[in-house]
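Take the given structure of chain A and dock chain B to it, following the hints.
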Amino acid sequence: MKVEQPLHRALGLTDDELERIRERLGRDPNPTELAMYGAMWSEHCSYKSSKIHLRRLPTEGPQVLVGPGQDAGAVDVGDDLAVVFKMESHSHPSAIEPYQGAATGVGGIVRDVVSMGARPIALLDPLRFGPLTDERNRYLFEGVVAGIGGYGNCIGVPTVGGEIAFAEPHGANPTVNVMCVGVAPAERLVTGARAVADGSIMVLIGAATGRDGIGGVSVLASRTIEDDAAESRPSVQIGDPFAEKLLIEACLELVERGLLEGLQDLGGAGITCAVSESASRAGMGAVLRLDAVPVREPEMEAFEILTSESQERMLAIVAPERVPAVEDVCRRWGLACVPIGTLVPGGGLRVEVDGVIVAEVPARSLADEGPEYDRPMAPPSTGDGDIDDDPTFAMVTTAPADAFFGVLTSPNVASKRWVWEQYDWIVQGGTVVGPGGDAALIGLEGSVKAIAVSTDGKGRFGHLDPYLGAAHAVAEAARNVATVGATPLAITNCLNFGNPERPEVMWQFAESIRGMADACRVLDTPVTGGNVSFYNGSGGSAIWPTPVIGMLGVIEDHRLAVGHAFVPGTFVYLLGETFAELGGSEFADVVLGRIAGRPPALDLDRERRLQRMLIEAAALDLVSSAHDCAEGGVAVALAESAIAGGTGFAVTLPGDLPPHVVLFSESASRAVVSVSPERAARLEELASALEVPFVRIGESGGPRIVFDRIFETTVDEVSAAYEEALPKLLVG
Amino acid sequence: MSEPRPRVGVITFPGSLDDRDAIRAVETMGGRGVPIWHADASLGDVDAVILPGGFSYGDYLRTGAIARFARVMEAVAAFADAGGPVVGVCNGFQILCEAGMLPGALIRNRSLRFVCKPVDVRVETSLSALTGGLIAGDVLRMPVKHGEGQFVSTEEELRRLEGDGLVVLRYCGPDGELDDRHNVNGSTGSIAGVRNERGNVVGLMPHPEHAVDPDVGPTGGQALFASLLSFAAAKV
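The listed protein sequences correspond, in order, to chains A and B. Residues in the first sequence are numbered consecutively from -17, following our numbering. Residues in the second sequence are numbered consecutively from 15, following our numbering.
Just so you know, the hints here were simulated from the structure itself, not pulled from any lab data. All C-beta atoms, glycine included, are put in the ideal place defined by N, C-alpha and C.
Below 25 Å or equal to it, Euclidean Cα-Cα: the simulated DSS-like pairs (lysine-lysine) are:
{"no.": "1", "chain 1": "B", "residue 1": "Lys131", "chain 2": "A", "residue 2": "Lys398"}
{"no.": "2", "chain 1": "A", "residue 1": "Lys710", "chain 2": "A", "residue 2": "Lys398"}
{"no.": "3", "chain 1": "A", "residue 1": "Lys710", "chain 2": "B", "residue 2": "Lys131"}
Computed list of chain A residues with no C-beta within reach of chain B, every gap over 10 Å:
{"no.": "4", "residue": "Thr115"}
{"no.": "5", "residue": "Tyr121"}
{"no.": "6", "residue": "Glu238"}
{"no.": "7", "residue": "Arg271"}
{"no.": "8", "residue": "Asn394"}
So, partial list: chain A residues that the calculated Cβ filter (under 10 Å) puts toward chain B:
{"no.": "9", "residue": "Gly131"}
{"no.": "10", "residue": "Ile137"}
{"no.": "11", "residue": "Thr141"}
{"no.": "12", "residue": "Pro223"}
{"no.": "13", "residue": "Phe224"}
{"no.": "14", "residue": "Leu228"}
{"no.": "15", "residue": "Gly316"}
{"no.": "16", "residue": "Arg399"}
{"no.": "17", "residue": "Trp402"}
{"no.": "18", "residue": "Asp406"}
{"no.": "19", "residue": "Gly411"}
{"no.": "20", "residue": "Gly416"}
{"no.": "21", "residue": "Glu427"}
{"no.": "22", "residue": "Val430"}
{"no.": "23", "residue": "His540"}
{"no.": "24", "residue": "Arg541"}
Excised from the complex, chain A in its bound form (with noise of 0.2 Å):
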C-alpha cells in the first residue's frame, strides 16, 4: 500500500458510509465487519449510483415471471417453460488479464442462470475494444476470446452470439459482458419467494475457498483502473470450467430432485454476499461457521474467507433432514458439500469461528440497506460541437465502391467469423441458428418452439446522444429478434459507464436510462434484470456510455424462422424509409474519418409496425430472406444476405438522395427482405395493411452485385473482403 489511509478507505468506504455502518451497529465495526461492508456496500453490489435510476424503468408485463432483484429474471414461453436470462461485465478484471477475466465472467453468469434452478442453454458474449492497430488491444481481443472459448466450450453450454466492436475509448478498459440463457420448468424455478425454515441449513457446494479475487468487488470493479493495474492481478479470480461443469450438473440435479429451498452463486463478495442476502430475502438471520469452510491454504483471516471471490462454488439452502440426500448427490459429482451455517429467526447474521464471534451484523444492512446517492448530473460540455458538425452534408470525394469496401471491411461491420469459430456454439443439440445472423434461434428440447436472442449496444450513437443510443439498442435488438420471426418479450441489460462521481457520466447514464425506459414501454419488452458496471475509465477518460440490450423472444415453430441468406429468384424489397442521416454512422467514422452528427431518429410506433410486419410474414411464411439494416445502411445488409447465400443481386436504391447517402444512411426501422415473386403481392398488402413503407429495389440471383447506376462488383470479391478483413488485422 502506497499511502497510509484508514482501513475503511482501503476497503472502499467513504467516510460518511463508515458513519452509517457506526450508526446501523450502534457501534464502530470491527475490522472483519468492515469487510464485509466495504464488499456489500461497494458500487459492484449495492448499486447506490445507479438504484434511483434503474427505478424508471419499466420491469413489469404478463410475461415477466422474475424480474429485478433476483440472481437473473426469468419470463413466460408458455407451455409451462421458464426461460432465465441475465447479463454480466467482466471488464474489469479483464483489463488486467484478459484471459481469466472473460473465462470467469463466463463461469460467473451461468451460476447466476442455475441458481434459479435453470439449464444454461446459450451464451453470447457483447465486446468493446480499442483499435486492432494497437498491439495491446490485440493481446486483449485475442486473450478474452479465448478466454471466452475456454471456458464455455469445456462447460458444455453453446456460445451462440453476441457482438463486437472497437473504438479507441475501450482500448485502456475493454468491455467484456456476457450474458446467459436457461430454460427450466416453469414450477421449479428456485426464487427468494420460496418458504425457507428456521433451521435450514446453508451448504456451501463446490470448490475450496482461497485468497483469489479478495477485493474484487471494491479495488476491481468499484474503482477506475490506474497505472499501478498490474498489482491488482491478484484479484482476478481463476477459472476452473471443469468444476464448474459438475457444479451444473449436480445443481440441476439437486432442483430436479426438489432436495432444495434455496440457491445461490457466490459471486462479487463471495460468501458474504451470498450469505446475507439469502438470510435477507427469507427476512431471516443466519449463524454462519467460517472454520467449517473449505479453504485452500491454512490460516486465512476471516475476512479473507468472508469476501473471497474463488471461483465454482454455490450456497445451497437445504432441509435438515435433506442435508444426507444432497451430500450424496454432490459425491457423486466428485463435489465437496459442507453445511457451513444455519438460518435463525431474527435478522441477525453472526459470524463464528472455532465458536467465537468475529463479526455479527444485521443481515439486511449488508444486502439492502447499502447507500444509495442521487449524484450531480451534468450534460458534457463538448459534446454540442460533434452534434452540430454532422456528416451527412460533408463533401465526399471518396469512390462509393471504395467506400463500400472501406464500410465492409471495418472490424466493426467486417465478418466475426474468425472470433465464433473459436466457439462452441452447437453443443447441446439445439441451436437452429448460430452466430452471424440476426438473432441467434435455439430450439426448446422435444418442442418446435425456439427463443431467439439478441445483443445490441449502439456505441458512437449513445457518445453523441446517450438517451437515442440507448432507445436505438432497445429498437435493434428487438429488430434482430423479430428479424428471424421471433417476439420480443423481454430484455436484460449491461450498463456500462465511466467513473459515475464525474456529472457528464451520471447524466450520461440518466440518459440511456430514460431511452431505454421509452423504447422498452412502446416495444413491450420489460426489464427483468442486469448489471451496471460503473468505473470504465482511467484518469479523465471513460469509456463511450455503452448500455447492452440483452433481447429475448420467442417463435412458435422454428421450422418458420427466417434467415439473412439470400437465394436466387427473388424480389428484393427495402421496408421502411431511408433519411438523410449519416450523423454517427459507420461510413462517417471509417470513411470520413469523422464521429459527429446527430444520430438517426428513432420513431418508436414506425418501429413497432416494422417488428410487427416481420414477425408475421414469417408465420405466414411470406419472405424467403430478412435482414435488418444497421452499421453500414442498406449497402452492407444487401451484401451480408449476398454472402450468406452466396447469391448476387442487382437493386435500384430509391429517392433523390446523393448515393453515398441512400448506400450507407442509418435511418431506423428498415429491414431487407427478399420474397419469391408470386408471395410478393401479398407481401405488399401485409406492408400497407401495417403501414409499413415499402419499396421492391430489385432481384436476387447470379454472381454479381449491382447497385444500379452506382458502382457493382461480384460476390466472390465481396465474400473475400469480407471475411479476410478480420484475420488480418490480428497479424499486425
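Positioned in the frame of chain A, the structure of chain B alone reads:
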C-alpha cells in the same frame, strides 16, 4: 413384430458434454440410448458403446489421459475384445487413443485455436462399425469442435494405418478432394477417424451426433449412426 432396437450405451465421464446429444441421436436414428456412468464397473446390457465428446476431467492434463483410468474403461476394453462396437467421438477418440485401443494421438490443432465449424469428411473404408453402410469415397458433412484434434502417429504406425486400411475418415473438400486447405486441424494425412484391426473400435474427431437433425445442421451423421445400429443389431 418390430425389429429389436439396438441398445447403445453412452458413457458420461465427469466433464462429458455431448453425452445427451449422443443419446438423442441414437434415439432419433431408431436405437435406444442407455446412459452409463463412468464409475460403473459394468456396461449393463448394451449392443454398442459410445464415448462422447467433452472435456473429461477438464482435460487439464493430456486430453483423455485421466478418463482412460475410469472404472468403466475396463468393461469397455472387455466389450471391445469380445467384438462389441465401440465408438469414440472427439474426447472419446482421445480417450480411446490414450487407452491404447486405437493407434495414434491427438494434439493441439495446427492453428493453436479451438475450431467449431461444419466440415466434409471422406469415407475411406466400409470395414468398420461406423461405415458398414457406406462405401469409400462417400462424402459426409458434419461439424468439428475441438482444440486438440490434430491426428499424429509415428512413421511406422502411419505405414500400418495406411497399409492395413485403418483410416476410416479424412477431412476433404465438398467433392471429396484432399488438400491442405480442407485439413481443418492439420492432421497427418488429413486423418479424421481411424479403426482398430477388427474394425469394431472406431474413433473420430467430427461429431456425427450433431449431424442427425436437419433442423440444427448438416445430416452427415445419419449414415454413420445407421451403420452403427446395423452393426450392433447384427450382434444382438
